[in-house]
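Chains as they are written, first to last, in our numbering: chain H, 420 to 636; chain D, 420 to 636; chain L, 2 to 231; chain V, 2 to 231.
Rather than coming from a laboratory, the hints here were simulated on the basis of the structure.
Keep in mind that this is a model prediction, so the values were computed, not measured.
Check each hint, because a few of them may be wrong.
[To be verified] Below are the SDA-like pairs computed for lysine to any residue, each with C-alpha atoms no more than 25 Å apart in a straight line:
(1) H/K536 <-> V/G94
(2) D/K536 <-> L/R86
(3) L/K134 <-> V/E126
(4) D/K540 <-> D/I445
(5) V/K134 <-> L/L137
(6) L/K134 <-> V/T148
(7) H/K536 <-> V/E59
(8) D/K574 <-> D/A624
(9) L/K142 <-> L/D123
(10) H/K540 <-> V/E59
(11) L/K142 <-> D/P601
(12) H/K536 <-> V/R95
(13) D/K536 <-> L/T60
(14) L/K134 <-> V/L137
(15) D/K574 <-> D/R557
(16) H/K540 <-> V/E99
(17) D/K574 <-> D/R556
(18) L/K142 <-> V/R187
(19) L/K142 <-> D/G585
(20) H/K540 <-> V/R75
(21) V/K142 <-> L/T148
(22) V/K142 <-> L/L137
[As the list claims (entries may be wrong)] Chain D residues, not near chain L, derived (Cβ > 10 Å throughout):
(23) P497
(24) A624
(25) P634
[As the list claims (entries may be wrong)] Part of the chain V face toward chain H, derived, beta carbon under 8 Å:
(26) V31
(27) P32
(28) T78
(29) T128
(30) A172
(31) A174
(32) L180
(33) Y226
(34) R230
Glycine included, every Cβ here is placed at the ideal spot set by N, Cα and C.
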Amino acid sequence: MSDARNRMVARAAREIAPGMVVNLGIGLPTQVVNHLPADFPVCLHTENGLAGIGPTLPPDRADRNLIDAGGAYVSTVPGSAFFDSAVSFALVRSGRLDLTMLGAFEVSQAGDLANWKVPGKFSPGPGGGIELAQKARRVIVLSTHTDRAGNPKLKTECSLPLTAQGCVARVFTDMAVIDITPGGFALVEHAQGVSIAELTEATGAPLSLPTGDIPTF
Amino acid sequence: MSDARNRMVARAAREIAPGMVVNLGIGLPTQVVNHLPADFPVCLHTENGLAGIGPTLPPDRADRNLIDAGGAYVSTVPGSAFFDSAVSFALVRSGRLDLTMLGAFEVSQAGDLANWKVPGKFSPGPGGGIELAQKARRVIVLSTHTDRAGNPKLKTECSLPLTAQGCVARVFTDMAVIDITPGGFALVEHAQGVSIAELTEATGAPLSLPTGDIPTF
Amino acid sequence: MRLPDKTTTIEDALAGIADGATVMIGGFGVPGTPFTLIHELVRQGAQNLTVIKNDANETDMGVDHLLASGQVARLITTHIGLNPRAMALMNEGRLEVEFNAQGILAERVRAGGAGLGGILTDIAEDTELAEGKQTLAIDGKSYIVETALRADVALIHANRADAFGNLDYVATARNFNPLMAMAASRVIAEAEQVLPMGGLSPDDVHTPGPFVDHVVELTQISEEYAIVRR
Amino acid sequence: MRLPDKTTTIEDALAGIADGATVMIGGFGVPGTPFTLIHELVRQGAQNLTVIKNDANETDMGVDHLLASGQVARLITTHIGLNPRAMALMNEGRLEVEFNAQGILAERVRAGGAGLGGILTDIAEDTELAEGKQTLAIDGKSYIVETALRADVALIHANRADAFGNLDYVATARNFNPLMAMAASRVIAEAEQVLPMGGLSPDDVHTPGPFVDHVVELTQISEEYAIVRR
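Pulled out of the complex, with its shape left as it was, chain H reads as follows (with noise of 0.2 Å):
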């Protein structure tokens, strides 16, 4: 992972408070729960039947039966549940997910997420995306700010199927945290090395700057 990914992915495990029931999604997201702290009071979440998730696990001390959402073999904690598929989206969607952490094709600066299709190419289904991006209490995307070809994920509008309306809080890149306002995105911190300028060209639509000194990470 490069060096502005890896701040990015440690600047957002700051996110995650004491207490919190968090879920995160496959990719950057998993990464983010090896920059807290080993006793670090925190349930994580996956949909796939367990509130409790503990270490990732090779494949040689593995459970066969005992999976992430994203297929990695994981492992329990003490005090952890299992529970079926329905009872995991009850949870989800009643309010008890503090936070989720997602991945995104797109984010428009209205906050609505496109994850899940791209159409004629790449159609695998939501999967559990839908309701985590829905119903979480509050949705923080990571991703690359730019797609492979270097064109803005964050944009205006998305253009891609959403995977749900104006529920992304927060977006971080290996370039910057942005915030959806109101007003649309808002620079929060911007990532070292990277200048306003790259910041405002490789972003989709307008960026609203704070006033006075812009922290880094």
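Following the hints, position chains D, L and V against chain H.
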């Protein structure tokens, strides 16, 4: 219990086929189980969350946490399972309950059942009776033939608020076994010592008679 | 990572329940009724409550104390036949009683706990319980719309708990408890035994900890929990 | 009273599944997928199936065998991203795929198992998944009507079973299994271990026996059930 009622209950026990899942309501229906052989293969269900009811226990041997829906202290058998109230009625509504035997205030010739409310006099609430009556694959009523005042409980139409419409297949009383048919009440058997004239007199709707000899119980 | 500790005192667990609150209470008859939490709700005295419970217990037991103290304005239930006070208050117009088919009450509570708006059912379609309810057709068949129920507070009786709020129930004391434990903004569980974190097998937890806000250990099992000798 | 014995051979358990049947299959990825029952369904050869399963497994595993044999006309699912064959068949128009939000698929199956007509939800309300679905307002808020799903057959993978069909599941192999085990006319469970009647604690049964029709003991745990080394 009167001799006729006892014979009725014994006769009703023959409705239970091997392998059935059965719910027996409070009162006379609960007695039916006493007339099955000790090793009869049947699963008794109670709506407060148990499949596989074992014998009733006296207070000095009872478990304070183990009752049936009527509040009697019961026990388990090998293979019993406990579950919550949602699962309990999922079982009933999805067609897994082969048979229920219920009490009645009134039964109409169309098979309508009233057994939960006497307006202005007694309104305990329906409990689980509506779902049992509406969704068990076969609904049998066990009741006295007439009420305490001697009025017929089997009527052309129910006058009391319904539990469920057209649900009753067969009625066992202290005077007769009567089927609900498209043509109304049809006599199947009559109690020893009860004449057809007495039976017709005590029944509040036309009663069709079988051809040939009428069996007694 | 470790899981947070939710054990507290019964006074703190129930503190601040407002007048007019909706309170779900587990139990079917004696088994699963949180008698100790109910006594504390009486002591703290919140008024004008809507209570959601399968039944009204019996004289001098459980919900009957809340009826006697006049704290209950409305009762959403399935059967109150064993509580003469409940039936009398209802007949006198001093207690509003809403009857539900028992499994439909269970599903409405579960729907609230599952973040749904409601369920569609044909149960009670030909009865007075269906009167005034919305209906909707699917493939030509008509269903009644039964709306989800949620509460401000749920009072739960568990057999065992761990400090994170994982719960199990025993025998027929389960009944409505795991459903109500999903369906309230504040879920308070009394447990006959509180175990260290990890004391319950993760496969045998009946209510997962994330649903539970407060865990109170019972210091004694009072007479109300005992065998009823009628 | 004793409880009836439902143990049988795998051949008899699946015999007579008709062409055009709807088949629910438990599992989320490898855990909980009834690989052995799926092989028997391939062997017996019922065609034109509608399969309801969370995912399509991976190449040469589980549902992929049914896709390879051309037995599946329609797949109701949430995510098929790990199965290239499923995505290719869908893109070629040879496999009809209906995507659901994962928890909504769970609720639709559960609703079928609970004898409900459907559920009301706001999930996916702003997405293409909501297109063409009925809506209904409760207290001014709009909900989507998600219809209940039932199947002719459910194929279930359990950890342990007793002869009556009480089942338990282990770890994340639970997932959709207990829901689908309620929602089919014929429920067939493969179990890693079949215990004598009473071998499971009544408090720790995950699927009560009355929902289950046939119990098949696995004589071996094949490679498909093992750790996936990518």
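Each hint tested on the structure:
1. H/K536 <-> V/G94: holds (17 Å)
2. D/K536 <-> L/R86: holds (17 Å)
3. L/K134 <-> V/E126: holds (24 Å)
4. D/K540 <-> D/I445: holds (20 Å)
5. V/K134 <-> L/L137: Given pair V/K134, L/L137 holds - Cα atoms ~13 Å apart, limit 25 Å.
6. L/K134 <-> V/T148: holds (19 Å)
7. H/K536 <-> V/E59: Status holds; Cα separation ~19 Å.
8. D/K574 <-> D/A624: The hint holds at about 5 Å.
9. L/K142 <-> L/D123: Given pair L/K142, L/D123 holds - Cα atoms ~9 Å apart, limit 25 Å.
10. H/K540 <-> V/E59: holds (19 Å)
11. L/K142 <-> D/P601: holds (23 Å)
12. H/K536 <-> V/R95: Since the Cα atoms of H/K536 and V/R95 sit roughly 19 Å apart, the hinted pair holds (cutoff 25 Å).
13. D/K536 <-> L/T60: Given that 25 Å is the threshold and the Cα spacing comes to 21 Å, the pair holds.
14. L/K134 <-> V/L137: holds (13 Å)
15. D/K574 <-> D/R557: holds (20 Å)
16. H/K540 <-> V/E99: Answer holds: H/K540 to V/E99 is near 17 Å, not above 25 Å.
17. D/K574 <-> D/R556: Holds. D/K574 to D/R556 sits at ~23 Å (cutoff 25 Å).
18. L/K142 <-> V/R187: holds (24 Å)
19. L/K142 <-> D/G585: holds (17 Å)
20. H/K540 <-> V/R75: Holds, because 20 Å separates the two Cα atoms, which is no more than 25 Å.
21. V/K142 <-> L/T148: holds (12 Å)
22. V/K142 <-> L/L137: holds (16 Å)
23. P497: holds (16 Å)
24. A624: holds (19 Å)
25. P634: holds (34 Å)
26. V31: Nearest chain H Cβ about 7 Å off; hint holds.
27. P32: holds (5 Å)
28. T78: holds (6 Å)
29. T128: With a closest approach of 5 Å, the V/T128 hint holds.
30. A172: holds (4 Å)
31. A174: Holds, about 4 Å.
32. L180: Cβ of V/L180 sits 6 Å from chain H, so the hint holds.
33. Y226: With a closest approach of 6 Å, the V/Y226 hint holds.
34. R230: holds (5 Å)
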